[in-house]
Amino acid sequence: MLKPLGDRVLVEIVEETEQKTAGGLFVPDSAKEKSQRGKVISVGSGKMLDNGTRVALDVKEGDTVYFAKYGGTEVTLEGKNYSILAERDILAIVE
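Heads up, the sequence shown is in the UniProt record's numbering, so the first residue is 1 and it goes up one at a time.
Hints listed in this document are in silico derivations from the structure and should not be mistaken for laboratory results.
Among the clues, some could well be false.
Said to hold, decoys possible - Derived BS3-like pairs: lysine-lysine, alpha-carbon spacing no greater than 25 Å straight-line:
(1) Lys69 <-> Lys47
(2) Lys3 <-> Lys80
(3) Lys80 <-> Lys60
(4) Lys80 <-> Lys69
(5) Lys3 <-> Lys47
(6) Lys3 <-> Lys69
(7) Lys39 <-> Lys60
(8) Lys3 <-> Lys60
(9) Lys39 <-> Lys3
(10) Lys47 <-> Lys60
(11) Lys69 <-> Lys39
(12) Lys80 <-> Lys39
Unchecked claim - The calculated label-pair distances, taken between Cβ atoms and stated as ranges, are:
(13) Gly52 <-> Glu15: 13 to 21 Å
(14) Arg37 <-> Leu77: 35 to 43 Å
(15) Leu5 <-> Gly62: 18 to 26 Å
(16) Tyr70 <-> Leu49: 24 to 32 Å
(17) Leu2 <-> Leu25: 36 to 44 Å
(18) Arg88 <-> Gly23: 32 to 40 Å
(19) Leu25 <-> Met1: 36 to 44 Å
(20) Val94 <-> Val55: 17 to 25 Å
(21) Asn81 <-> Thr53: 30 to 38 Å
(22) Gly6 <-> Glu74: 27 to 35 Å
(23) Gly23 <-> Ala56: 42 to 50 Å
From the three backbone atoms N, C-alpha and C, an ideal C-beta is built for every residue, glycine too.
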């Protein structure tokens, strides 16, 4: 498994289920946008400040999050899609 560094977060991308229009038509995968929701798999040790102290991240393993549409780097590992994001690219935690 991957271990993110610093203020980075490894998120498993949650694929959206079948989408259907109001008229009952199914939207093919090629027309869907990239999912912006995922589950936090691993977090880095936190951001290092100029004075040498480390600030812990606001997210933790197991959190479901929404992240910026074009944020992070996508990685495929063992057939699953992941995104490595900076904490600033995470927009919200689902509660």
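Mind checking the hinted window 36 to 44 Å against the Cβ distance between leucine 25 and methionine 1? 39 Å, holds
Take a look at whether the Cβ-Cβ distance between leucine 5 and glycine 62 falls inside 18 to 26 Å. Between leucine 5 and glycine 62, where Cβ atoms are some 20 Å apart, the hint holds.
Is the Cα-Cα distance between lysine 69 and lysine 47 25 Å or less? Distance ~22 Å between lysine 69 and lysine 47 Cα, so the pair holds.
Is it true that the CA of lysine 69 sits at most 25 Å from the CA of lysine 39? Roughly 15 Å between the alpha carbons, so the hint for lysine 69 and lysine 39 holds.
Does the beta carbon distance between glycine 6 and glutamate 74 stay inside 27 to 35 Å, or does it fall outside? Since glycine 6 and glutamate 74 have Cβ atoms about 19 Å apart, the given range 27 to 35 Å is violated.
Does lysine 60 sit within 25 Å of lysine 47, going by the straight-line distance between their CA atoms? 14 Å, holds
Indicate whether the distance between the beta carbons of valine 94 and valine 55 respects the range 17 to 25 Å. Holds, at about 23 Å.
Given a hint of 30 to 38 Å, does the C-beta separation of asparagine 81 and threonine 53 actually sit inside it? Check passed, 34 Å falls within 30 to 38 Å.
Does the alpha-carbon distance linking lysine 3 and lysine 69 stay inside the 25 Å limit? Holds. Lysine 3 to lysine 69 sits at ~22 Å (cutoff 25 Å).
Satisfaction of hint between lysine 60 and lysine 39, Cα-Cα up to 25 Å: Holds, at about 10 Å.
Against the range 42 to 50 Å, how does the distance between the Cβ atoms of glycine 23 and alanine 56 compare: consistent or not? 48 Å, holds
Does the structure keep lysine 3 and lysine 60 at a Cα separation of 25 Å or less? 13 Å, holds
In terms of the numbered hints stated before, the structure departs from hints 13, 14, 22, listed from lowest to highest.
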